[in-house]
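Asker: Sequence:
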Amino acid sequence: MILVVASSWSELVGVEQFPSIDAQRRRLPNGDVLVAVSIGVGKVQAALGTAKALETWKPSHLIGIGTCGAIRQDMEVGDIVCAGRVVQYDIDLRRFGLPRGSTFDSESREAGVLVLESPCLRMLGELDEYRGRKIWERGVLGTADTFLVASERKDKPWIAGDLHVDAVDMESYAIVAAASLSGVPVSIVRTVSDTWRGSRPKSYGKFLASASQDMCALIAQYAEPSEKSPTIL
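Heads up, the sequence shown is in my numbering, so the first residue is 11 and it goes up one at a time.
Hints are computed from structural coordinates only; laboratory data are not their basis. Since the structure is predicted, the reported quantities are computational estimates derived from the model, not experimental observations. Where hints are given, some of them may not hold.
[Stated by the list, open to error] Computed beta-carbon distance windows for the label pairs: (1) Pro-109 to Arg-148: 14 to 22 Å; (2) Arg-148 to Glu-26: 40 to 48 Å; (3) Arg-105 to Pro-39: 51 to 59 Å.
[Stated by the list, open to error] Straight-line alpha carbon distances no greater than 25 Å define the calculated BS3-like cross-link-like pairs of lysine-lysine that follow: (4) Lys-212 to Lys-144; (5) Lys-164 to Lys-144; (6) Lys-166 to Lys-53; (7) Lys-68 to Lys-53; (8) Lys-144 to Lys-62; (9) Lys-212 to Lys-164; (10) Lys-53 to Lys-164.
Positions of the beta carbon are idealized from the N, C-alpha and C atoms, including for glycine.
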């Protein structure tokens, strides 16, 4: 069973293209079961919501979907980012000898970048695009408890320069961290909603519905559970 999580139900409307089993479960074309759960906005809500969903459903694979803002100047609205790494770009403990993006875990060890070991989507390496959307394989997603507008991105060059972040969001790190603790393989698939220059869709509602449809269709075609779980650098 595949568990798909997002910050809101509006990002999960794409699951409605699959036949319903009951209120929360859907049947994928390959016969697998998909469960969609809204986990809330921001790192704390996302971590708690994901942990609860993992405990409730005990999936073979977790996939986080949603939107992201581009940091790379060559990303365009509608591009799909499949994360290879996630980092908290709003963590700054350099005064304590840690690099940006790192903190201390419960045993005072450094906890920083999370690496997604399993390929997020089967055959992804053979795909340059999907339904007209360019695919960025193994991108670096930066997560923070703030909505980073285009002007602020330009004022924080270290996000790309020091942390090598390709795009930003508010939940991905928390989703991957929760999966890491549970030992569940995890993938993150995000659609670029606004560019580094500040370009965005004229109708965000229509854009989000279309993006959700395509992300869920991509998951249905190429998702492949793996025994590998995330590691911490």
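Asker: Now, for every hint given, state plainly whether the structure supports it.
Answerer: Structure-based check of each hint:
no. : hint                           : verdict
1   : Pro-109 to Arg-148: 14 to 22 Å : holds, 21 Å
2   : Arg-148 to Glu-26: 40 to 48 Å  : violated, 29 Å
3   : Arg-105 to Pro-39: 51 to 59 Å  : holds, 52 Å
4   : Lys-212 to Lys-144             : holds, 20 Å
5   : Lys-164 to Lys-144             : holds, 23 Å
6   : Lys-166 to Lys-53              : holds, 20 Å
7   : Lys-68 to Lys-53               : holds, 21 Å
8   : Lys-144 to Lys-62              : violated, 33 Å
9   : Lys-212 to Lys-164             : holds, 22 Å
10  : Lys-53 to Lys-164              : holds, 23 Å
Consistency with the previously given hints fails for numbers 2, 8, ordered from lowest to highest.
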